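Participant: Sequence:
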Amino acid sequence: MTPKLALEFVLLAALWGSSFLFMRHAALAFGPVATAGLRVAVASVVLAPILVASGHWPTLRRHGARILFVGLLNAGIPFGLFAYALLSISTGLTAILNATVPLFGAVVAWLWLGDRPGRWRALGLALGFAGVALLSWDKASFKPGGTGWAVLACLGATVLYAIAASYTKKYLMGIPPLATATGSQFGATLGLLLPTLWTWPAQPVSADAWWAVVAAGVLCTALAYLLYFRLIEAAGPARTLTVTFLIPVFALGYGALLLGEAITPWMVGCGVVIMVGVALASGLLDPARLALSRQRHPATRP
Numbered sequence: 522m523t524p525k526l527a528l529e530f531v532l533l534a535a536l537w538g539s540s541f542l543f544m545r546h547a548a549l550a551f552g553p554v555a556t557a558g559l560r561v562a563v564a565s566v567v568l569a570p571i572l573v574a575s576g577h578w579p580t581l582r583r584h585g586a587r588i589l590f591v592g593l594l595n596a597g598i599p600f601g602l603f604a605y606a607l608l609s610i611s612t613g614l615t616a617i618l619n620a621t622v623p624l625f626g627a628v629v630a631w632l633w634l635g636d637r638p639g640r641w642r643a644l645g646l647a648l649g650f651a652g653v654a655l656l657s658w659d660k661a662s663f664k665p666g667g668t669g670w671a672v673l674a675c676l677g678a679t680v681l682y683a684i685a686a687s688y689t690k691k692y693l694m695g696i697p698p699l700a701t702a703t704g705s706q707f708g709a710t711l712g713l714l715l716p717t718l719w720t721w722p723a724q725p726v727s728a729d730a731w732w733a734v735v736a737a738g739v740l741c742t743a744l745a746y747l748l749y750f751r752l753i754e755a756a757g758p759a760r761t762l763t764v765t766f767l768i769p770v771f772a773l774g775y776g777a778l779l780l781g782e783a784i785t786p787w788m789v790g791c792g793v794v795i796m797v798g799v800a801l802a803s804g805l806l807d808p809a810r811l812a813l814s815r816q817r818h819p820a821t822r823p
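Numbered according to the working numbering, the sequence shown spans residues 522 to 823.
There could be a bad hint or two in this list.
[Said to hold, decoys possible] Here are the simulated distance ranges between beta carbons:
1) P722 with F750: 42 to 48 Å
2) V726 with K691: 21 to 27 Å
3) A643 with W719: 17 to 23 Å
4) V770 with P579: 36 to 42 Å
5) I784 with V573: 39 to 45 Å
6) S727 with G781: 29 to 35 Å
7) P725 with M694: 44 to 50 Å
No wet-lab data here; the hints were simulated from the structure.
Everything numeric in this text was worked out from a predicted model, so none of it was measured.
Ideal placement from N, C-alpha and C gives every residue a C-beta, glycine not left out.
Kindly generate the complete structure, drawing on both the sequences and the hints.
Facilitator: See the structure below:
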């Protein structure tokens, strides 16, 4: 990866890591549903002219129904669930739970697409879910004031991301990513339009909250999508997916510096366990392949 691509990679992780901070600030004023609705609406406004200029508008029209539907799974509902969770749990914890998307993605691909994981990927799934259980164990209280529902909301969002990934692989392969990305924001905006109007806050909202939701839509959604697809084309999907490991680092840092959130050794330790599980489950870390590579290309000794 060239220095320029490496810089874009870090910028993408920084943008997605900051999304939890912006959404938390916006959700406190707008509520979870309106925050999600405004985020995807802003992203739609930014991405629409880029889509038209790229010449992919006819493609979106041909595959509109499926692309609009996947927008609810991949943006609309998950954004609302994360906004709800951020009212109760820290941005860092939310980001770590968000990093489990590849774990659920592997399970959904196995059950739906028949993509059976090998032994190392299966070990990664077990390790990753064990890390989630350990991280969430003392927070899974559903009593008044507990954060169990917030944790479940995060995990529900990651399951929807995973379903959307397999749906895209099954029905939307070969479609230009910009058409899928923009169309999914359109679909999420349409799906959340009435719920957003229904839950609109009765009191005037501060300028800071408006700036937060605009930043989430422009920086963390529209710009982040463009960077993401550019990196996939330039560096390949396998390398680009490793951004998953950096996002919680930025989210934890933002939360600690700007919100005074505590970073506990237990949270960091469980996060490491989850990341190792993600690396194995997604195939980014494959001990069998590494061993085979060493056998074929033994290191020379002086």
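Participant: Confirm or reject each hint.
Facilitator: Tested hints:
1. Look at P722 against F750: about 34 Å separates their beta carbons, and that is not inside 42 to 48 Å.
2. The supplied range of 21 to 27 Å is broken by V726 and K691, whose beta-carbon atoms lie about 40 Å from each other.
3. Take A643 and W719: their Cβ atoms lie about 44 Å apart, and the range 17 to 23 Å is violated.
4. In this structure the supplied range 36 to 42 Å holds for V770 paired with P579, their Cβ-Cβ distance being about 41 Å.
5. Checked against the hint of 39 to 45 Å, the C-beta distance between I784 and V573 comes to roughly 44 Å, which is consistent with it.
6. Taking the beta carbon of each, S727 and G781 are about 20 Å apart, not inside 29 to 35 Å as hinted.
7. Checked against the hint of 44 to 50 Å, the C-beta distance between P725 and M694 comes to roughly 46 Å, which is consistent with it.
Going through the hint list in order, the structure does not satisfy hints 1, 2, 3, 6.
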